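2 protein chains.
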Amino acid sequence: MIIIGELINGMYKALAKAIMDREIDVIQHLAVEQAQAGAKALDVNVGPYSKDPKEDMKWLVESIQSVTDVSLCLDSTKADVIEEGLKIAKSRAIINSTDADEEKMNTIFRLAKKYKTQVIALTMDKSGVPNTKEKRLELAATIVAKAMDMGVNTEDIYLDPIVLPVNVAQAQGLEVLEAIREFRLLSDPPPNMVVGLSNVSQGTKARSLINRTFLTMAVANGLNAAIIDPLDKDLMDALIAAELIMNKQIYCDSFLDAYRKK
Amino acid sequence: MIIIGELINGMYKALAKAIMDREIDVIQHLAVEQAQAGAKALDVNVGPYSKDPKEDMKWLVESIQSVTDVSLCLDSTKADVIEEGLKIAKSRAIINSTDADEEKMNTIFRLAKKYKTQVIALTMDKSGVPNTKEKRLELAATIVAKAMDMGVNTEDIYLDPIVLPVNVAQAQGLEVLEAIREFRLLSDPPPNMVVGLSNVSQGTKARSLINRTFLTMAVANGLNAAIIDPLDKDLMDALIAAELIMNKQIYCDSFLDAYRKK
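Taken in sequence, the protein lines are chains V and P.
Numbering-wise (the numbering used here), the first sequence opens with residue 55 and increments by one.
Numbering-wise (the numbering used here), the second sequence opens with residue 55 and increments by one.
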């Protein structure tokens with residue numbers, strides 16, 4: 055499982071403040087903690103309150119890279135903000151994200167080739183988030199075909215079926231789970247499948263329970279990457295146990311510790 | 055989800071003693087507690103230490119039925135022990151179990167017809183527990199065909215792919231999960247799918263975590279019945295959340311309480 059830590063995101067008020075006031079300790083502490091908890095990449099998003107997104111992205115990437123060498127998942131709707139991070143990224147980065155829109159894919163896949171990155175691709179387009187598995191698959195196929203056309207390897211694509219909050223779009227959970235199961239059949243080698251997990255529990259009570267339950271079910275359907283809070287111990291325990299059952303980690307009595315020490 | 059409470063089983067030493075000494079309070083307390091926690095049926099097994107299995111089965115069924123009217127899941131390898139319970143069962147019972155052996159199916163399905171019960175059918179035969187999804191499916195198809203032949207409705211069959219301990223048969227977890235997904239395609243109306251859950255964590259550390267993780271993954275694959283400990287609160291929370299995500303229960307902020315009050 056490729057764990058992408060979600061916590062460095064300016065949509066959280068405390069983070070927005072830390073970015074604005076250049077509180078480097080706050081950022082670096084979160085980076086180190088997430089990496090130690092098992093994150094193989096860290097999402098980096100300046101957030102909606104940023105006055106100078108390019109400059110903030112640059113500062114975040116520099117601040118994080120001076121304390122950890124895990125990959126960065128550069129997260130913005132603006133390609134020029136992402137590129138600001140790509141220019142100085144030391145490890146191979148992940149672009150978060152493109153969608154299935156032709157023009158957007160042209161821009162993002164060009165960046166991906168230029169900087170040799172991986173790409174998260176959302177199965178949505180200008181008409182919005184699909185409400186069926188079939189439409190998600192159709193958009194995923196469009197993305198995979200376009201990536202191939204442009205010379206981006208399918209194993210460098212992370213297809214994201216877009217998880218919606220269970221309290222407002224309850225029927226979508228099963229559509230997303232079934233989409234994940236079928237995405238892997240789209241190419242050989244298969245693309246990666248990723249979810250932005252915490253969206254599933256947005257606005258609900260019992261957020262951690264809903265998050266870890268959905269993640270466990272997604273792992274059963276073949277999910278191999280997730281943007282999550284790796285500091286949520288119960289979530290990580292569930293993930294490790296799910297990987298154990300999927301036979302991705304060998305059982306030993308201390309399998310929880312063994313996974314964390316890897 | 056059809057929850058079958060597992061706790062009245064003489065393989066547990068304390069229960070074996072309660073049965074032998076006719077400690078009716080112990081049995082009745084467990085029956086009521088499991089029913090209140092959501093069990094729709096109670097497994098009843100006199101266990102391996104019983105000196106008079108038929109008499110013990112009769113006493114257990116009478117003791118339980120005087121405090122609750124949930125269904126009983128009469129659990130024995132011996133047909134005559136099961137029949138002792140069937141003779142006095144007030145609600146529609148479940149027989150636990152037959153396997154795919156021709157002679158065994160003849161005996162058990164005849165009992166099922168005579169007493170109008172449902173039947174748990176293990177996908178194993180005289181050569182033992184299969185180690186692939188395909189062999190489980192083959193045996194499941196044999197069972198479903200035999201049930202149809204003998205006039206037992208497929209919706210009264212609970213196919214059990216036989217969960218093995220993850221610490222000794224780790225690769226089997228995925229085979230079982232995938233088997234569950236395909237069992238439901240065997241007939242229309244589909245058979246039920248059940249697991250004896252706690253076997254998955256037999257001999258491991260972190261039993262409750264492994265149990266609830268496996269159950270969550272099985273629900274994602276279509277499992278609709280399980281023999282479990284309904285008094286394990288974390289397990290029940292996971293199950294309720296999994297049902298929520300599968301859109302089997304409508305979301306409300308108090309969905310955990312709402313499920314329990316049903």
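Fair warning: there could be bad hints in the mix.
[To be verified] Derived lysine-lysine pairs resembling DSBU-like cross-links, with alpha carbons at most 35 angstroms apart:
| no. | chain 1 | residue 1 | chain 2 | residue 2 |
| --- | --- | --- | --- | --- |
| 1 | V | K189 | P | K302 |
| 2 | P | K316 | V | K187 |
| 3 | P | K189 | V | K187 |
| 4 | P | K259 | V | K94 |
| 5 | V | K287 | P | K287 |
| 6 | V | K180 | P | K302 |
| 7 | P | K315 | V | K287 |
| 8 | V | K187 | P | K94 |
| 9 | V | K105 | V | K315 |
| 10 | P | K158 | V | K187 |
| 11 | P | K187 | V | K287 |
| 12 | P | K287 | V | K94 |
| 13 | P | K200 | V | K259 |
| 14 | V | K259 | P | K259 |
| 15 | V | K187 | P | K315 |
| 16 | P | K187 | V | K302 |
| 17 | V | K259 | P | K302 |
[Claimed, not checked] According to the in silico footprint, chain V covers these stretches of chain P (three or more CB under 8 angstroms from chain V):
| no. | segment |
| --- | --- |
| 18 | 63-71 |
| 19 | 74-83 |
| 20 | 115-124 |
| 21 | 133-142 |
| 22 | 222-229 |
Treat the hints as calculated values from the structure; they're not laboratory data.
These figures come from a predicted structure and were not determined experimentally.
We treat Cβ as the ideally placed atom computed from N, Cα and C, and that holds for glycine.
Hint by hint, here is what the structure shows:
For the proposed pair K189(V) and K302(P), the alpha carbon gap of about 23 angstroms is at most 35 angstroms, so the pair holds. A distance of roughly 31 angstroms separates the Cα atoms of K316(P) and K187(V); the hinted pair therefore holds under the 35 angstroms criterion. Taken as a hint, the K189(P) and K187(V) pair is honoured in the structure, with Cα atoms around 30 angstroms apart against an allowance of 35 angstroms. A C-alpha spacing of about 27 angstroms is found between K259(P) and K94(V), which places the hinted pair at or below 35 angstroms, so the restraint holds.
Between K287(V) and K287(P) the CA atoms are separated by roughly 18 angstroms; this keeps the pair inside 35 angstroms, and the hint holds. As the CA atoms of K180(V) and K302(P) are separated by approximately 31 angstroms, the hinted pair is consistent with the 35 angstroms bound. With a C-alpha separation of about 29 angstroms, the suggested pair K315(P) and K287(V) falls inside the 35 angstroms cut-off, and the hint holds. Under the criterion of a C-alpha separation no larger than 35 angstroms, the hint pairing K187(V) with K94(P) is consistent with the structure, at around 33 angstroms.
A distance of roughly 39 angstroms separates the Cα atoms of K105(V) and K315(V); the hinted pair therefore is violated under the 35 angstroms criterion. Between the alpha carbons of K158(P) and K187(V) the distance comes to roughly 42 angstroms, so the proposed pair goes past 35 angstroms and is violated. Taken as a hint, the K187(P) and K287(V) pair is honoured in the structure, with Cα atoms around 33 angstroms apart against an allowance of 35 angstroms. For the given pair, K287(P) sits about 33 angstroms from K94(V) by alpha-carbon distance, which is consistent with the 35 angstroms threshold.
Distance restraint check for K200(P) and K259(V): the Cα-Cα separation of roughly 47 angstroms exceeds the 35 angstroms cut-off, and the hinted pair is therefore not satisfied. Only pairs whose Cα atoms come within 35 angstroms are accepted, and K259(V) paired with K259(P) is accepted, the gap being roughly 30 angstroms. Pair hint K187(V) plus K315(P) holds up; C-alpha atoms about 33 angstroms apart against a cutoff of 35 angstroms. Between K187(P) and K302(V) the alpha-carbon distance is near 18 angstroms, which keeps this suggested pair within the 35 angstroms criterion.
A C-alpha spacing of about 18 angstroms is found between K259(V) and K302(P), which places the hinted pair at or below 35 angstroms, so the restraint holds. Proximity of the segment 63-71 of chain P to chain V, defined as three or more residues with a beta carbon under 8 angstroms from a beta carbon of that chain, is not established by the 0 residues found. Remark: the segment 74-83 of chain P is not confirmed as covered by chain V, as 0 of its residues place a Cβ nearer than 8 angstroms to a Cβ of that chain, below the required three. By the rule of at least three residues with a Cβ nearer than 8 angstroms to a Cβ of chain V, the coverage given for the segment 115-124 of chain P is violated, with 0 such residues.
Note: the segment 133-142 of chain P has 0 residues with beta-carbon separation from chain V under 8 angstroms; the three-residue rule is not met and the coverage is violated. Counting residues of the segment 222-229 of chain P whose CB lies closer than 8 angstroms to any CB of chain V gives 4, so the stated coverage by that chain holds, three being the minimum.
Checked against the numbered hints given earlier, the structure breaks hints 9, 10, 13, 18, 19, 20, 21 and satisfies all the rest.
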